[in-house]
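Number of protein chains: 2
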Amino acid sequence: MQLIDQLRAMLGADAVLTEASDLAGHTEDWRGRYRGEALCVVQPSSTEQVAGVVRAAVAAGVPVLPQGGNTSLCGGAVPEAAGPPPVIVSMARMRRIRSLDAANNSMEVEAGCVLATIQQAAMDAGRLYAVSLGAEGSCQIGGNIATNAGGTGVLRYGNTRDNILGLEVVLPDGDIWNGLYRLRKNNTGLDLKHLFIGAEGTLGIVTAATLKLHPLPTAHAVAWMAPPSPAAALEMLGLLQAACGAQLSAYEMIDAGQLQIVLDHVPGRRAPLPPTHKWHVLVELSDTRGEQELTDAMQAVLQQGAERGLVDDAVLASSGAQRAAMWEVRHSVSEGNKKAGVGLTTDTAVPVSAVPEFIERATAAVHAIVPGLPIILVAHLGDGNVHFIPFYSHAEWEALPDREAMGLRIKHAVNEVGHALGGTFSAEHGIGQTLTSEMAQFKPPVELALMHGIKQLLDPGNLFNPHRLLPPATPPAR
Amino acid sequence: MQLIDQLRAMLGADAVLTEASDLAGHTEDWRGRYRGEALCVVQPSSTEQVAGVVRAAVAAGVPVLPQGGNTSLCGGAVPEAAGPPPVIVSMARMRRIRSLDAANNSMEVEAGCVLATIQQAAMDAGRLYAVSLGAEGSCQIGGNIATNAGGTGVLRYGNTRDNILGLEVVLPDGDIWNGLYRLRKNNTGLDLKHLFIGAEGTLGIVTAATLKLHPLPTAHAVAWMAPPSPAAALEMLGLLQAACGAQLSAYEMIDAGQLQIVLDHVPGRRAPLPPTHKWHVLVELSDTRGEQELTDAMQAVLQQGAERGLVDDAVLASSGAQRAAMWEVRHSVSEGNKKAGVGLTTDTAVPVSAVPEFIERATAAVHAIVPGLPIILVAHLGDGNVHFIPFYSHAEWEALPDREAMGLRIKHAVNEVGHALGGTFSAEHGIGQTLTSEMAQFKPPVELALMHGIKQLLDPGNLFNPHRLLPPATPPAR
Numbered sequence: 001m002q003l004i005d006q007l008r009a010m011l012g013a014d015a016v017l018t019e020a021s022d023l024a025g026h027t028e029d030w031r032g033r034y035r036g037e038a039l040c041v042v043q044p045s046s047t048e049q050v051a052g053v054v055r056a057a058v059a060a061g062v063p064v065l066p067q068g069g070n071t072s073l074c075g076g077a078v079p080e081a082a083g084p085p086p087v088i089v090s091m092a093r094m095r096r097i098r099s100l101d102a103a104n105n106s107m108e109v110e111a112g113c114v115l116a117t118i119q120q121a122a123m124d125a126g127r128l129y130a131v132s133l134g135a136e137g138s139c140q141i142g143g144n145i146a147t148n149a150g151g152t153g154v155l156r157y158g159n160t161r162d163n164i165l166g167l168e169v170v171l172p173d174g175d176i177w178n179g180l181y182r183l184r185k186n187n188t189g190l191d192l193k194h195l196f197i198g199a200e201g202t203l204g205i206v207t208a209a210t211l212k213l214h215p216l217p218t219a220h221a222v223a224w225m226a227p228p229s230p231a232a233a234l235e236m237l238g239l240l241q242a243a244c245g246a247q248l249s250a251y252e253m254i255d256a257g258q259l260q261i262v263l264d265h266v267p268g269r270r271a272p273l274p275p276t277h278k279w280h281v282l283v284e285l286s287d288t289r290g291e292q293e294l295t296d297a298m299q300a301v302l303q304q305g306a307e308r309g310l311v312d313d314a315v316l317a318s319s320g321a322q323r324a325a326m327w328e329v330r331h332s333v334s335e336g337n338k339k340a341g342v343g344l345t346t347d348t349a350v351p352v353s354a355v356p357e358f359i360e361r362a363t364a365a366v367h368a369i370v371p372g373l374p375i376i377l378v379a380h381l382g383d384g385n386v387h388f389i390p391f392y393s394h395a396e397w398e399a400l401p402d403r404e405a406m407g408l409r410i411k412h413a414v415n416e417v418g419h420a421l422g423g424t425f426s427a428e429h430g431i432g433q434t435l436t437s438e439m440a441q442f443k444p445p446v447e448l449a450l451m452h453g454i455k456q457l458l459d460p461g462n463l464f465n466p467h468r469l470l471p472p473a474t475p476p477a478r
Numbered sequence: 001m002q003l004i005d006q007l008r009a010m011l012g013a014d015a016v017l018t019e020a021s022d023l024a025g026h027t028e029d030w031r032g033r034y035r036g037e038a039l040c041v042v043q044p045s046s047t048e049q050v051a052g053v054v055r056a057a058v059a060a061g062v063p064v065l066p067q068g069g070n071t072s073l074c075g076g077a078v079p080e081a082a083g084p085p086p087v088i089v090s091m092a093r094m095r096r097i098r099s100l101d102a103a104n105n106s107m108e109v110e111a112g113c114v115l116a117t118i119q120q121a122a123m124d125a126g127r128l129y130a131v132s133l134g135a136e137g138s139c140q141i142g143g144n145i146a147t148n149a150g151g152t153g154v155l156r157y158g159n160t161r162d163n164i165l166g167l168e169v170v171l172p173d174g175d176i177w178n179g180l181y182r183l184r185k186n187n188t189g190l191d192l193k194h195l196f197i198g199a200e201g202t203l204g205i206v207t208a209a210t211l212k213l214h215p216l217p218t219a220h221a222v223a224w225m226a227p228p229s230p231a232a233a234l235e236m237l238g239l240l241q242a243a244c245g246a247q248l249s250a251y252e253m254i255d256a257g258q259l260q261i262v263l264d265h266v267p268g269r270r271a272p273l274p275p276t277h278k279w280h281v282l283v284e285l286s287d288t289r290g291e292q293e294l295t296d297a298m299q300a301v302l303q304q305g306a307e308r309g310l311v312d313d314a315v316l317a318s319s320g321a322q323r324a325a326m327w328e329v330r331h332s333v334s335e336g337n338k339k340a341g342v343g344l345t346t347d348t349a350v351p352v353s354a355v356p357e358f359i360e361r362a363t364a365a366v367h368a369i370v371p372g373l374p375i376i377l378v379a380h381l382g383d384g385n386v387h388f389i390p391f392y393s394h395a396e397w398e399a400l401p402d403r404e405a406m407g408l409r410i411k412h413a414v415n416e417v418g419h420a421l422g423g424t425f426s427a428e429h430g431i432g433q434t435l436t437s438e439m440a441q442f443k444p445p446v447e448l449a450l451m452h453g454i455k456q457l458l459d460p461g462n463l464f465n466p467h468r469l470l471p472p473a474t475p476p477a478r
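Sequences listed follow chains E and P, in order. Just so you know, we're using this note's numbering here: the first sequence kicks off at 1 and counts up by one. Just so you know, we're using this note's numbering here: the second sequence kicks off at 1 and counts up by one.
Any given hint could be a false lead.
[What the hints assert, rightly or not] List of simulated lysine to aspartate or glutamate pairs, EDC-like, C-alpha gap at most 16 Å:
#, chain 1, residue 1, chain 2, residue 2
1, E, 338, E, 264
2, P, 443, E, 191
3, E, 443, P, 191
None of these hints come from the bench; they were simulated from the model. Treat the numbers as computed from the prediction; the structure is a model and nothing was measured.
Could you build the full structure based on these sequences and the hints that come with them?
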């Protein structure tokens, strides 16, 4: 095929993969839920090479699929099963840290840098890159940017969007936009980086970014507590924010069912408090000074909470090892759930104040469909982000007559509750191919029309990760 | 005129102003530098009324100029002198605080709310709305959003953009986009609010917003120090960030010339340290707990700085009154400068690490044009934002043969230095009409083309605040 020859001439033969065995890791997602065909996988080494690939593919009318670590939970990074096979642009060879400016608290990195590598480089310079999430050992910063990745640091440091100062992007017409600003203030027209953050590769290919760094916290206090209810957990959050707002860096809630699954299925995990308590919260304070002060502050708030009946029990980590052990319980959630059965995970966010009501109403909505179905949950409570998980054992799931329809029905019922409370059906995972139908149902038409207009403006041929992120355009009613 | 009759029928006669005396405060900026004609000023009371005004004006082919508190420094909020007279849409009647959700740390406000009113409402609920700037007693939140206003809280809390959760916007076609999300996480397609933040009213009219609130700091420590050089001030910033990164809420530098002007021209101001020191920095730490701890931390860093030769002298405020007095010196800069003469203020930002070099090179560039011209400066040093001010006495300025050309030449020379160091010619004031020519010179053509494309997409008739923000479109070279 002519395009492949062209790409080989441009990048070198070793950077254009066409063998089935080479494509396998790129055409299927890591959970094995989505797969499609690709024309080839290219591995450019420079921004100019990416631009060349884009120009060649667009001239040939072939779709372009940018790919990072392929860790999407929504099938956003693999080819369409039904569409024409795209050129997959793997960013794995563009993994240089171009520079780090400690005094400016910024670093410039190529899109293929693995998140953990970036975190480590920042730490080596006495700085923090604040985005942290389960896939950090393999996900790439380009994918983080394309999906505006969230994680456990959002409460204090925001999403990926909030940690980006500038971008370099290859646009669908092959032009390179050098927007690698490294400024804290820049009011010169539209802030275009926000167009590409969260666009899931539908508007071009992010090739590099300037990241915002923070002072590296050196003091930590971690507690595990059992509030009697989500409402009590919310009140405790308020007390902690009032007392230690600037130090509060994590506020993660799981319920007893979720804790039990981790204990049953992940070797070596121990419960900081017994799962006889229905609700569990991990709290972390961190700062650049005063570990004893943090511990004192945490103890004072826990004491206050106990007096008000907001905490039934609590334990404060007294060593780095204990802190790590508490976090390991939290981080073992995905592994435990995968082993224990099939979770119909949603990625809801509601206003933080609405979380207790959301849990109550979503539980009722699910039980109206399947009475008594077990539900577990894990929540970034400080962000109002609840992964609400109706949960089947493997056997029960296999026995269902129409699994796919049931999964969609249950998740949609939960999303309806979130929506009614001013919430969203995708807080941090993005849309990919899984949620385009929810987009069509929940997004205001005015908003969808604006998004379609921008897509059409930048990618008139609809060649960049087509049919992802947006539902098909409907003609305007007027 | 038919449009005016239509608007009167829609809004009521008292909400459509046409008398010259009523228009005066709307057609000229507060410094008296820019003025133009207006067809009328309308004062809608609801989002639906704004949409009605927009539809009527667009149908009549009349430009639309949204206006907040009219405090722009760049002539962004008054009509073009040369253009057809617009309908000015004053937001002053839309000033309701619609709701405040303390547990969610958010509030929903209409665009005409004055910034100080919002700050007070947040404080009454034990929360902080973190944007703070000189005009806060009269500027409106809608204008803050349209210009992505900065100010003195950016170092810790970011610009206006970083403090917005959602927007309600009347689009140029009269559609209302209800994007009043109040979520910390929402990854459902393009984050459209960022299109309108900083767009200076060229893409529609912001009618309401959901604001992000923070825990209210109750403990403060403020110091005034004299570092021997900007480089030393920068090193002190690094020490402070390493030691108290989460508490550092202001780092403002002025030079001796600027301090002297304040002392000479603003009654009641006293120098915390004598202006025999060439450089002065105001540092603020704030937190939700532990005033003594903050004071101790500040003292420890000052001590460290003194030992390393980074601070020649320093004084720590020992009471709320002393803190306020130090801040008053900083806040008296504009008043002092207005009385003392004519300052050719720029609004440069460079990477924080490049500030010392910027000051040196910009000084040389100005002196290459006018040898020995006095230069004063006031900098949000923590943000890399330097208001670099070549300064004429009133008499010297009046004696210049071509004042306007000289002003432009000197400012452009400073902007060139900033640009060469990776900086920007508008950090926090925006573009308005003053800086469109700098946009044309400094912005990459790819970036300008994207902005023009989006403007054309949303406002095909070029009726919304025309000829502001963007220079005229040039046809693509290809």
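Hint consistency between residue 443 of chain E and residue 191 of chain P [alpha-carbon to alpha-carbon, up to 16 Å]: Answer holds: residue 443 of chain E to residue 191 of chain P is near 12 Å, not above 16 Å.
Pair hint residue 443 of chain P and residue 191 of chain E, alpha-carbon separation not exceeding 16 Å: 12 Å, holds
Pair hint residue 338 of chain E and residue 264 of chain E, alpha-carbon separation not exceeding 16 Å: Given pair residue 338 of chain E, residue 264 of chain E holds - Cα atoms ~12 Å apart, limit 16 Å.
Of the numbered hints stated above, none is contradicted by the structure.
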